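Using numbering that gives the first Met the number 0, you'd call the opening residue of the sequence shown number 0 and step up by one each time.
Since the hints were made in silico from the structure, they are not lab data.
All clues stand as given, with none of them false.
Below 25 Å or equal to it, Euclidean Cα-Cα: the simulated DSS-like pairs (lysine-lysine) are: (1) Lys247 <-> Lys213; (2) Lys213 <-> Lys196; (3) Lys324 <-> Lys208; (4) Lys196 <-> Lys324; (5) Lys249 <-> Lys196; (6) Lys9 <-> Lys54; (7) Lys249 <-> Lys217; (8) Lys217 <-> Lys331; (9) Lys238 <-> Lys217; (10) Lys208 <-> Lys247; (11) Lys324 <-> Lys238; (12) Lys9 <-> Lys53; (13) Lys54 <-> Lys95; (14) Lys331 <-> Lys196; (15) Lys151 <-> Lys208; (16) Lys196 <-> Lys238; (17) Lys324 <-> Lys247; (18) Lys217 <-> Lys324; (19) Lys196 <-> Lys172; (20) Lys238 <-> Lys172; (21) Lys249 <-> Lys208.
Remember, it's a predicted structure, so these values are computed and weren't measured experimentally.
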Amino acid sequence: MGLLRNPEVKEVFRFQFFFTLAAAAGAALFHPVFAVYVLFVSMVCAVRYLAFTKKRYDTVSELNYQLDRILHGDYRMDLIPDKEGELALLTSEIYKVTLRLKEQADALEQEARYLSDSLADISHQIRTPLTSMRMIVPRLQREELTSEERRKYVGEVIGLLSRTEWLVASLLKMARLESGTAVVQSERIFAAEVVEKALSPVDILIDLKEITCKVSIKENTGFTGDLYWSAEAVGNVIKNCVEHMPEKGKLEIYGDENPVYTELVIADSGPGIALEDIPHLFERFYRGKDSGTDHVGIGLALSRMIVHRQNGTIQVENRREGGAKFTIRFYKGAV
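Using the sequences and the hints given, assemble the complete structure.
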């Protein structure tokens, strides 16, 4: 019998055997019937103990079997206790640990899948401009090139290098935010200063496209956050609007503050956003149907990460009069 392989069971039976012999011998001194009675009671106790112990060890054996399944990746656990007792408590705790392990395993699997997809996307995005440069550079070595053609190719290479530099810088910023190593200040900053800093990198593009920019921010409107990161988030939204607007378009930026949140609204007079693109617009590496070939889908994803890091939300919708409208809110309390 497998139960008798357990040392503690052998020890109990050994003790009971000698104790029963001693008790029966002592009882026989008074009367033989007493000795028979002692033997009978001892046998009943032994059988009852054996049945109880077997039931307990069967439960432990089932637990051991299910733990072995868990070690091999099967997280189903059928033995859920419906009684009280130390063994039931142990089973309940093991069940809780199993659920926690499954959650962690699922999270790690999802993270690994996300990392794999991200690396594939990053590799593709960086490979594209590098491939283009690899095709252009041999052309620059041709002696028959005119000065105008050479300047054209050099300009294309410079543009591709700038794009690659921006891509790598944006990816590093996203990595710092995701890992928690980015230093994000928490101090009172004014919305007007954020917008001014955000507009600076696109001033030339706004002038070239003759875009009218209207900024209307109420005095002393501000929020708790980081000036540098906030300007980065707002700047990416403005850049996206300006790039998709036609020449002589109109860009409007409004700011207001109330007891609950500070709101920045950025609206353009462009073609708007395709309805199927709106739910995915802030996803990393997502490219909408109207995106250009040089669009990589990082800027708006970075903006969302920054805004969320500062207890905020960002949404987009199409305006009735045409164009897109981005609404950024920085909340004063928990969202």
